[in-house]
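Got chain U sorted already, so can you dock chain S onto it with the hints?
As given, the protein sequences belong to chains U and S, one line each in that order. If you're matching positions, the first sequence starts at 205 in our numbering and goes up one per residue. If you're matching positions, the second sequence starts at 176 in our numbering and goes up one per residue.
Hints in this document: simulated from the structure, not taken from any laboratory. Relax, there's no trap hidden among the hints.
Straight-line Cα separation of at most 30 Å, DSBU-like style, residue types lysine-lysine; simulated pairs:
#1 Lys465(S) / Lys307(U)
#2 Lys307(U) / Lys251(S)
#3 Lys625(S) / Lys762(U)
#4 Lys531(S) / Lys765(U)
So the chains spell out like this:
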Amino acid sequence: MEKGKENRTQGVLKRISGPVVTAVGLDAHMYDVVKVGNEELMGEVIKIQGENVIIQVYEDTAGIRPGEPVSNTGLSLAVELGPGLLTSIYDGIQRPLEVLMDKMGNFIERGVSAPGLSHEKKWEFVPTVKAGDEVKAGDIIGTVQETNIVHKIMVPPRSKGGKVKKITAGSFTVDETVCTLEDGTEITMLQRWPVRVPRPVKEKLNPDVPLITGQRILDGLFPIAKGGTAAIPGPFGSGKTVTQQQLAKWSDAEIVVYIGCGERGNEMTEVLTEFPELEDPKTGKPLMERTVLIANTSNMPVAAREASVYTGITIAEYFRDMGYDVSLMADSTSRWAEAMREISSRLEEMPGEEGYPAYLSARLSEFYERAGRVIALNGEGGSVSVIGAVSPPGGDFSEPVTQNTLRIVKVFWALDAKLSQRRHFPAINWLNSYSLYLDALNEWYDKEVSPEWNPLRAWAMGVLQKEAELQEIVQLVGSDALPDEEQITIEVARMIREIFLQQNAYDAVDTFCPMSKQYHMMKAIKRYADLARAAQAGGATPAQVIGVKSKNELPQIKFIKDYEPELEKIMKQMEAEFDAMRTV
Amino acid sequence: MKEYRTVTQIAGPLVFVEKTEPVGYSELVNIVTADGTVKRGQVLDTSDEIVVVQVFETTAGIGRDSGIRFTGETIKMPVGRDMLGRILSGGGKPIDGGPEIVPEKRLEITGAAINPYARSSPEDFIQTGISTIDGTNTLVRGQKLPIFSASGLPHNDVALQIARQAKVPGSTEEFAVVFAAMGITREEANYFMADFEKTGALERSVVFLNLADDPAVERTITPRLALTTAEYLAFDLGYHVLVILTDMTNYCEALRQIGAAREEVPGRRGYPGYMYTDLASIYERAGIIKGVKGSVTQIPILTMPGDDITHPIPDLTGYITEGQIVVNRELHRKGIYPPINVLPSLSRLMNLGIGKGHTREDHKKVSDQLYAAYAEGNDLRGLVAIVGKDALSERDRMFLEFADLFEDRFVRQGLYEDRSIEETLDLGWELLATLPEEQLVRIDRELIQKYHPKYRKKAQG
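So that you can see chain U by itself, here it is in the shape it has in the complex (with noise of 0.2 Å):
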């Protein structure tokens, strides 16, 4: 603002078309927040064009009229960082759900305005420092015992640091002073960040540690690393939102932010209700207790909804800053792209492929670049990693949004909608899927499943591969025309797909697989292959291959919790039975 002039904070309406309103007569800056009309809906400034401010308005806008006035808040779209996020139900622009029920009761009106963070409810703080310590942007000074998890207390991003004045243990609101700095800072618990620029890192540090999930298909054969990015593109009903939802309630990330992004009101009431029923695997708490959820479903404002993925991915790169890992589910990216180009043409902007901005592409990147490993300004090394669900039309994955997301992230994860017609679940294509984390993660299987697990990998899809290429003969020819050889690698693919693949995400044993009893069960594939190919060699038909009865035990291992002596006993009887086969 040049000297002498004078900030005109407030304009006035001067036209209206959906959810974007131009106003005159105000001074404003890109992506500042504004109130809109007599009813003080939020908005935010998405262009400026002389004398003509365009905002899009995150509120229903009937009944607005030209003439009513607008002010600029002069702040940026930002969220409210602090004790009080876990647990959490937003909105795409952090209100908080609950709150919102009691102010305005169980149909979402407009016009009412909630803060992100309870600024009454007392934290018990614990410094971490002491007078007289020298802290910089981004230390840790103190933490909060927020659920099961410590929520850390960290000196401001953008803070300039210095020594310590007076630090003080107790009872605080996030508004209350916690820490004073020599130069006169005030520190409170209450951090407020843009969630448009991503927080600052010392270092961003290559993956080299798996996200383990305990779904068999994505572990075994297509693991996403901790920091990692993955997208999940399918047709509807192919099974994106369970796989979501699987991920969401097994990866060993502590602290989990999903949103639900223009998506069924009815599924994220069931994520509302089956999360704190849940426990985490690792702690036996509430998995709610590590949770972050945001919930802008698809008949909500589409304004919010193009901001709740920022407002999500900066509340998880807050908690990395912390030293956690954590992972971002967004169901889904596609409801997004489409947000951006609904507001798009209501800008009158030249359109892009199928309608979507020419800045699509960029905004996409923009959002999975801000996964990662990383260290914190803070020297905690913490990571980010973002699963985005993508829905093509027409299950159709030459479209621009699939193909913008495909070519940023590492894995890949294709529904079929054919497979989910056959209950195959998780009906992920194990041919069409691929990580590209393979390589950095070998050395950590080497270690901790076993140094037998990549060779054992790369034989199932072998096999699997094999089985692709001679399922097109049988098409044509039947499988009896197959020689003996090849009649048992139909079999063992079948293995590998009902056995290994086929996960039941609604059994309450098999929901989640640890990587030790995956490597288990593929041994035991494995073996029954090698003793299969020796009992082939040594004279034995297909038919009594197949026949052995031992094998169809073997799908049972997945429903016991403590399998191991279960199948000691069918691999025991496998190889009597193989036995049997030599001695007649």
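Using the frame of chain U, we list chain S on its own:
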């Protein structure tokens, strides 16, 4: 109320008015033509220079001399208890010759979104008496489950059978039905009305009729009027409401028509880019609210242009709704009613409403096994066409026969045949029993021993 005579342009259903006082976005507008007829419209875009009004009826008769009155409020719908049993136009006016509705409340027709936090998880099993729905694609209260059909298929019969037979076993609460027709023919409408009257369903129904020759633009408000009524019946009066919307394809065509008239940048196949959001604002108006008695369950019907499930209308619908029931031409040609193809059909909320305490403990596993076996048998049909039945292995032949049996016994049922869930599941077991026991890999042994006809007979005998 001020009347403006400043119309500058009329294009399709849009009327442009200039030099007005500030007009609210979404406001209701009355347009008085030279002969005194009053037409209704809504503000689509407002600025201090020009206001764009979308007219719900034909623009015939509107000209520069027409008077435009801005009512100062958004479109509201008068609702009342005595709406049950009434037939209204697509614009909400009584057309059954009865009196005007006595309004107890006037509600915004756009309807606010239910706070996800206030929703209660749907879990009450609705028995429709149709095996392919109850057994393999279970409907629950508060769900939105569309029927994907195509022209020439008996989707109306399926919808009527559901409306007729739907009940929650063990509960005496009755369903109220809200029926909204958009652009269907008079003949089709009569078919629905006759059935409603015959079965006595009409007295617990509210019917909205926008027929094929009614203005297309009116279709864009018909489902909203119907859902506003449904929400009132459910959340104010405590009814369990079943909403049938037919045909959503006509609704989307109307949406495209308005988009084109506004010269908007089109999305796929000329449909507006905001069609997902627009459809969501209809479909999401289903559900149950914590601590409130009633519920809204939606069965929208749409016809897939060219039987193409990837067409934007079924595609976007499938992404919003909680599953879909797919009516299939091939089955229909085979003379099977209801021609529901279970393979592409799905109910996402099924797992919440089945199993112990809801239906029966074996429900999920039986359903999975039926699916898997039918899918396998169905795949083999393609193979048989090439190599002949004789080239199949013994195992393959059994699955092939299973597929035929499944269609003939499980899928096929009478128009008035109301199967209980036990009957449906037992029928499923009976069919599965034609396969060797070790092929039933999706069912655990305990359940097999409890429900497999082989063991049941033993236990009884």
